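*Asks:* Chain by chain, the residues run as shown.
Protein chains: 2
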Amino acid sequence: MSDDKDERIEDLTDEASEAQEEGSYLLERRAIAAILYAVDINDAAKLTELMEPLHAADIADLLEQMNAYDRRRLVQLYDREFDGEILSELDERIREEVISVLRPDVLADAVREMDSDDVVDLLEDLDEPQQEAILDALEDADRVAVEQAMSYPEYSAGRLMQREVVAAPEHWTVGEAIDFLRSHEDLPDQFYHVVLVDPRMHPVGNVTLGKIMRSRRDVGLREIMEEVFQVIPVTQYEGDVAYAFNQYHLISAPVVDADDRLVGVITIDDAMAVLDDEHEEDILRMAGVGDDASLSDTIIEAAKGRALWLFVNLLTAILASLVIEAFAETINQMVALAVLMPIVASMGGNAGTQTMTVTVRALATRDLTAQNAMRVVIREVSVGALNGVLFGLTMAAVTGLWFGVPMLAVVIGVAMLATQVAAALGGIVIPMTLDRFNIDPALASGPFVTTVTDVVGFFAFLGLAASVLM
Amino acid sequence: MSDDKDERIEDLTDEASEAQEEGSYLLERRAIAAILYAVDINDAAKLTELMEPLHAADIADLLEQMNAYDRRRLVQLYDREFDGEILSELDERIREEVISVLRPDVLADAVREMDSDDVVDLLEDLDEPQQEAILDALEDADRVAVEQAMSYPEYSAGRLMQREVVAAPEHWTVGEAIDFLRSHEDLPDQFYHVVLVDPRMHPVGNVTLGKIMRSRRDVGLREIMEEVFQVIPVTQYEGDVAYAFNQYHLISAPVVDADDRLVGVITIDDAMAVLDDEHEEDILRMAGVGDDASLSDTIIEAAKGRALWLFVNLLTAILASLVIEAFAETINQMVALAVLMPIVASMGGNAGTQTMTVTVRALATRDLTAQNAMRVVIREVSVGALNGVLFGLTMAAVTGLWFGVPMLAVVIGVAMLATQVAAALGGIVIPMTLDRFNIDPALASGPFVTTVTDVVGFFAFLGLAASVLM
Numbered sequence: 005m006s007d008d009k010d011e012r013i014e015d016l017t018d019e020a021s022e023a024q025e026e027g028s029y030l031l032e033r034r035a036i037a038a039i040l041y042a043v044d045i046n047d048a049a050k051l052t053e054l055m056e057p058l059h060a061a062d063i064a065d066l067l068e069q070m071n072a073y074d075r076r077r078l079v080q081l082y083d084r085e086f087d088g089e090i091l092s093e094l095d096e097r098i099r100e101e102v103i104s105v106l107r108p109d110v111l112a113d114a115v116r117e118m119d120s121d122d123v124v125d126l127l128e129d130l131d132e133p134q135q136e137a138i139l140d141a142l143e144d145a146d147r148v149a150v151e152q153a154m155s156y157p158e159y160s161a162g163r164l165m166q167r168e169v170v171a172a173p174e175h176w177t178v179g180e181a182i183d184f185l186r187s188h189e190d191l192p193d194q195f196y197h198v199v200l201v202d203p204r205m206h207p208v209g210n211v212t213l214g215k216i217m218r219s220r221r222d223v224g225l226r227e228i229m230e231e232v233f234q235v236i237p238v239t240q241y242e243g244d245v246a247y248a249f250n251q252y253h254l255i256s257a258p259v260v261d262a263d264d265r266l267v268g269v270i271t272i273d274d275a276m277a278v279l280d281d282e283h284e285e286d287i288l289r290m291a292g293v294g295d296d297a298s299l300s301d302t303i304i305e306a307a308k309g310r311a312l313w314l315f316v317n318l319l320t321a322i323l324a325s326l327v328i329e330a331f332a333e334t335i336n337q338m339v340a341l342a343v344l345m346p347i348v349a350s351m352g353g354n355a356g357t358q359t360m361t362v363t364v365r366a367l368a369t370r371d372l373t374a375q376n377a378m379r380v381v382i383r384e385v386s387v388g389a390l391n392g393v394l395f396g397l398t399m400a401a402v403t404g405l406w407f408g409v410p411m412l413a414v415v416i417g418v419a420m421l422a423t424q425v426a427a428a429l430g431g432i433v434i435p436m437t438l439d440r441f442n443i444d445p446a447l448a449s450g451p452f453v454t455t456v457t458d459v460v461g462f463f464a465f466l467g468l469a470a471s472v473l474m
Numbered sequence: 005m006s007d008d009k010d011e012r013i014e015d016l017t018d019e020a021s022e023a024q025e026e027g028s029y030l031l032e033r034r035a036i037a038a039i040l041y042a043v044d045i046n047d048a049a050k051l052t053e054l055m056e057p058l059h060a061a062d063i064a065d066l067l068e069q070m071n072a073y074d075r076r077r078l079v080q081l082y083d084r085e086f087d088g089e090i091l092s093e094l095d096e097r098i099r100e101e102v103i104s105v106l107r108p109d110v111l112a113d114a115v116r117e118m119d120s121d122d123v124v125d126l127l128e129d130l131d132e133p134q135q136e137a138i139l140d141a142l143e144d145a146d147r148v149a150v151e152q153a154m155s156y157p158e159y160s161a162g163r164l165m166q167r168e169v170v171a172a173p174e175h176w177t178v179g180e181a182i183d184f185l186r187s188h189e190d191l192p193d194q195f196y197h198v199v200l201v202d203p204r205m206h207p208v209g210n211v212t213l214g215k216i217m218r219s220r221r222d223v224g225l226r227e228i229m230e231e232v233f234q235v236i237p238v239t240q241y242e243g244d245v246a247y248a249f250n251q252y253h254l255i256s257a258p259v260v261d262a263d264d265r266l267v268g269v270i271t272i273d274d275a276m277a278v279l280d281d282e283h284e285e286d287i288l289r290m291a292g293v294g295d296d297a298s299l300s301d302t303i304i305e306a307a308k309g310r311a312l313w314l315f316v317n318l319l320t321a322i323l324a325s326l327v328i329e330a331f332a333e334t335i336n337q338m339v340a341l342a343v344l345m346p347i348v349a350s351m352g353g354n355a356g357t358q359t360m361t362v363t364v365r366a367l368a369t370r371d372l373t374a375q376n377a378m379r380v381v382i383r384e385v386s387v388g389a390l391n392g393v394l395f396g397l398t399m400a401a402v403t404g405l406w407f408g409v410p411m412l413a414v415v416i417g418v419a420m421l422a423t424q425v426a427a428a429l430g431g432i433v434i435p436m437t438l439d440r441f442n443i444d445p446a447l448a449s450g451p452f453v454t455t456v457t458d459v460v461g462f463f464a465f466l467g468l469a470a471s472v473l474m
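Chains as they are written, first to last, in this note's numbering: chain H, 5 to 474; chain L, 5 to 474.
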């Protein structure tokens with residue numbers, strides 16, 4: 005390598021570390037440029053030096069943002085340095101790609117370093133042959149642990165938990181607990197509580213390490229238990245697990261089997277990741293993009309994911325058009341109707357989406373329950389009526405000035421009000437009904453709500469026009 | 005109280021605790037009924053008994069879901085039992101209401117129990133006089149702490165952090181740390197790390213309590229520091245703080261002032277709450293509901309929050325109508341155009357929203373950067389083109405069968421393709437541009453994208469029709 009090149013890369017490295025220090029968590033363009041340059045000149049030592057200070061999560065982001073060609077070269081050049089944590093952090097599709105590029109012994113080493121719950125997470129998204137290759141790389145004890153976790157249903161607490169738990173008999177004292185912790189070699193990397201169990205391994209409470217440290221050796225563990233104690237059933241849906249962590253500010257919670265026996269522990273970082281995924285899914289579902297859409301999807305995957313919702317929208321749009329066709333004669337007599345009708349429908353669609361979004365969120369955060377449902381419906385309809393009057397009057401004024409036909413102004417004003425009320429009603433009743441029937445309201449409400457607002461909008465406007473103006 | 009009533013309430017209580025045991029986190033209808041009944045018969049003892057097993061977060065949810073009249077009666081009956089944690093968990097608007105109902109001495113007691121960061125959170129949303137009443141209730145040391153926290157900008161790390169930090173000189177051994185923790189009375193309730201500091205109080209690393217417990221007394225703390233260590237500047241935006249916790253799987257992180265000196269610590273539960281809020285805001289903003297919309301808003305507040313977006317939508321809808329008006333003559337000659345045109349616009353609007361949602365999310369999660377922007381734009385436009393061809397052909401076929409005019413079928417097919425491509429382009433370029441100019445893309449993209457799809461949709465369809473069919 006020439007001195008010239010060496011200098012350029014040094015410059016980039018300096019700038020990269022400066023950028024890191026600025027406290028913005030984004031990988032700076034220059035850090036990326038330096039890394040890409042090291043790959044370009046095939047300099048494994050430099051690449052390792054540049055990657056060394058980076059967190060696995062940032063390396064994963066970097067890999068996701070590169071094109072496939074650079075990614076493959078980087079992974080090959082990085083080779084033995086590639087560790088399991090990077091794999092855990094990668095997006096599903098990119099992960100499969102990287103696994104297929106890694107040499108088998110590098111992959112085996114990487115997987116052996118990972119916690120069992122991360123291996124489970126990795127395996128979930130892989131094909132059978134890739135799964136087997138990874139299971140074979142594990143040591144016997146780890147493989148059994150992973151296979152057992154995989155036997156729990158997908159998206160259950162059993163898949164999230166780690167099996168390594170620090171537990172102590174409930175009758176122990178602080179001193180006994182400390183001696184136990186001191187003498188035990190294979191404690192988990194991260195733990196925050198000691199779970200107290202009765203003789204049949206039923207969890208009875210949590211003691212924080214902080215409390216243990218602060219207490220005298222002769223204090224009983226039961227005396228310093230946490231007030232808030234939640235036990236998670238192993239089959240519980242991960243979304244409910246995340247809800248419990250968020251609602252009760254848990255840091256870790258023991259997981260129990262059907263007989264209430266302690267089988268593992270879930271920590272808040274896992275719950276936070278689930279919460280993040282759930283939000284992501286909700287947003288993507290509401291926009292009809294498919295809940296696992298990601299920037300690393302191929303064009304075909306992305307197009308397919310969106311086509312379904314577009315197809316449903318096409319059907320509802322055709323339905324709305326049939327309403328218009330029924331009034332073709334009316335439009336023929338007054339073309340202003342064709343000019344104005346999209347305004348009524350569009351305002352209805354927006355109001356419906358607003359109400360629907362508030363409703364879907366309130367259902368997801370469990371703020372909307374049987375307890376307050378009626379009051380919320382009445383509130384939404386009142387909001388719709390209020391905005392209906394406001395925009396009805398506005399549009400009547402605009403129409404009067406624009407087309408100079410007073411009755412047309414009255415017609416659009418009334419149609420606007422009717423559509424806003426219908427949008428509010430549809431926006432709240434449709435997701436609530438779907439939720440009652442256990443259909444995800446985030447996924448399915450959109451098309452129904454739009455259909456209601458379009459049909460009501462066109463029908464109210466054109467129907468009124470036909471009976472009043474013709 | 006008659007035996008009969010007493011029996012009824014006993015039944016409800018039993019059922020309530022059964023429901024609690026089922027492991028669903030929702031407060032059961034029966035538990036709520038029992039509580040409301042206790043309020044109805046003015047039985048404070050019973051109310052206290054029923055509320056006792058409930059977590060403050062659940063009591064807060066219960067209060068939020070009641071009507072204002074019942075809420076006031078419950079708060080008054082519960083009286084001295086009302087504690088600070090319930091206040092922390094309440095929704096802003098309901099909290100103000102509850103504070104105004106609480107007796108001043110009850111409020112003072114409640115606030116005195118709270119952690120300083122929770123008091124700060126409480127104060128942020130209150131009016132000046134309410135703020136003063138609460139500050140007056142605090143002990144001197146706490147008041148100073150709270151006032152200092154309030155001096156940091158809103159939404160900054162300084163507001164999130166707690167000032168009670170467990171720190172130790174970096175040269176200490178495990179034994180010294182344990183002795184210190186044992187002898188110290190006023191440690192925070194919850195802590196997971198000991199922050200190592202140099203002589204000038206600059207944080208240099210984190211040691212988990214688990215590591216301290218497992219290590220021999222003569223091991224130096226520096227030797228067992230965490231590998232991943234992030235320091236949070238006190239002025240950092242809370243969204244960036246939450247990002248760092250999520251990205252680097254932090255449990256707690258020290259906060260430093262402008263001179264890099266340790267001033268506090270943020271724990272993951274605070275970060276998780278921020279993450280949750282941020283998601284909520286994104287969803288609500290994208291739907292144009294206003295980022296602090298909540299079910300406890302009054303009708304007027306809710307209507308106002310939504311009217312702004314509806315007004316913007318009205319302007320863009322009128323703009324689209326002006327395009328239609330330009331082709332009024334064309335529509336007059338072929339009313340089928342009026343029937344079909346909403347389909348083109350609606351499909352464009354949906355495709356635009358899909359792309360926009362993916363883009364806004366990718367910007368929020370920092371998956372879309374300068375590094376991969378061009379590739380993502382090309383991908384989105386390709387997806388748009390692919391679905392444009394698919395739905396263009398579909399609509400051409402439908403139109404051909406429906407109206408029997410071959411050229412009309414061609415026109416709608418081509419217009420559909422053009423609109424889908426424009427929607428994809430608008431859906432990605434608009435949020436990226438807003439983001440570049442530091443305008444929140446979640447808030448502002450919607451109206452721009454809809455304008456583009458409506459205008460392009462109507463113009464392509466009617467313009468083509470005018471030039472080909474007339």
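Keep in mind that the hints were calculated from the coordinates and are not lab data.
Please note that a few of the clues may not be correct.
Said to hold, decoys possible - Anything over 12 Å on all C-beta distances counts as not near chain L; from chain H, calculated:
hint, residue
1, Pro157
2, His253
3, Arg379
Stated by the list, open to error - Short derived list, chain H residues pointing at chain L, Cβ under 7 Å:
hint, residue
4, His59
5, Ser104
6, Pro108
7, Asp109
8, Ala112
9, Tyr196
10, His206
11, Gly209
12, Lys308
13, Asn317
14, Ala321
15, Thr334
16, Val362
17, Asp371
This structure is a prediction, so every number in the text was calculated from the model and none was measured.
We put the beta carbon where it would ideally sit given N, CA and C, even for glycine.
*Asks:* All hints, please: hold or fail.
*Replies:* Against the structure, the hints come out as follows:
The Cβ of H/Pro157 lies farther than 12 Å from every Cβ of chain L, with a closest approach of about 16 Å, so its non-interface assignment holds. H/His253, annotated as away from the interface, has a beta carbon of chain L within 12 Å; the closest lies near 5 Å. Its closest Cβ contact with chain L, about 6 Å, brings H/Arg379 to no more than 12 Å, contrary to its assignment away from the interface. For H/His59, the interface hint holds, the least distance from its beta-carbon to any beta-carbon of chain L being 6 Å, beneath 7 Å.
With 7 Å as the threshold, the beta carbon of H/Ser104 stays out of range of chain L, its nearest partner Cβ sitting at about 21 Å, so the hint is violated. The interface hint given for H/Pro108 is broken, as the beta carbon of that residue sits about 27 Å from the closest beta carbon of chain L, more than 7 Å. Using the Cβ-Cβ criterion of 7 Å, the hint placing H/Asp109 at the interface with chain L is not satisfied: the shortest such distance is roughly 24 Å. Among the interface hints, the one on H/Ala112 is violated; its C-beta lies about 22 Å from the nearest C-beta in chain L, farther than the 7 Å criterion.
A distance limit of 7 Å between C-beta atoms decides the matter here; for H/Tyr196 the minimum to chain L is near 5 Å, and the interface restraint holds. The beta carbon of H/His206 comes no nearer than 14 Å to any beta carbon in chain L, farther than 7 Å, and the hint placing it at the interface is violated. Violation of the interface hint for H/Gly209 is found here, the shortest Cβ-Cβ separation to chain L being roughly 15 Å, above the 7 Å cut-off. Look at H/Lys308: its Cβ only gets to about 9 Å from chain L, farther than 7 Å, so that hint breaks.
The interface hint given for H/Asn317 is met, as the beta carbon of that residue sits about 5 Å from the closest beta carbon of chain L, less than 7 Å. At its closest, the beta carbon of H/Ala321 sits 4 Å from a beta carbon of chain L; the interface hint therefore holds under the 7 Å criterion. A hinted interface residue such as H/Thr334 counts as satisfied when its beta carbon comes closer than 7 Å to some beta carbon of chain L; here the least separation is about 10 Å, so the hint is violated. With its C-beta approaching chain L no nearer than about 6 Å, H/Val362 sits inside the 7 Å limit, and its interface hint holds.
For the restraint placing H/Asp371 at the interface with chain L, the shortest Cβ-Cβ distance is roughly 5 Å, inside the 7 Å limit, so the hint holds.
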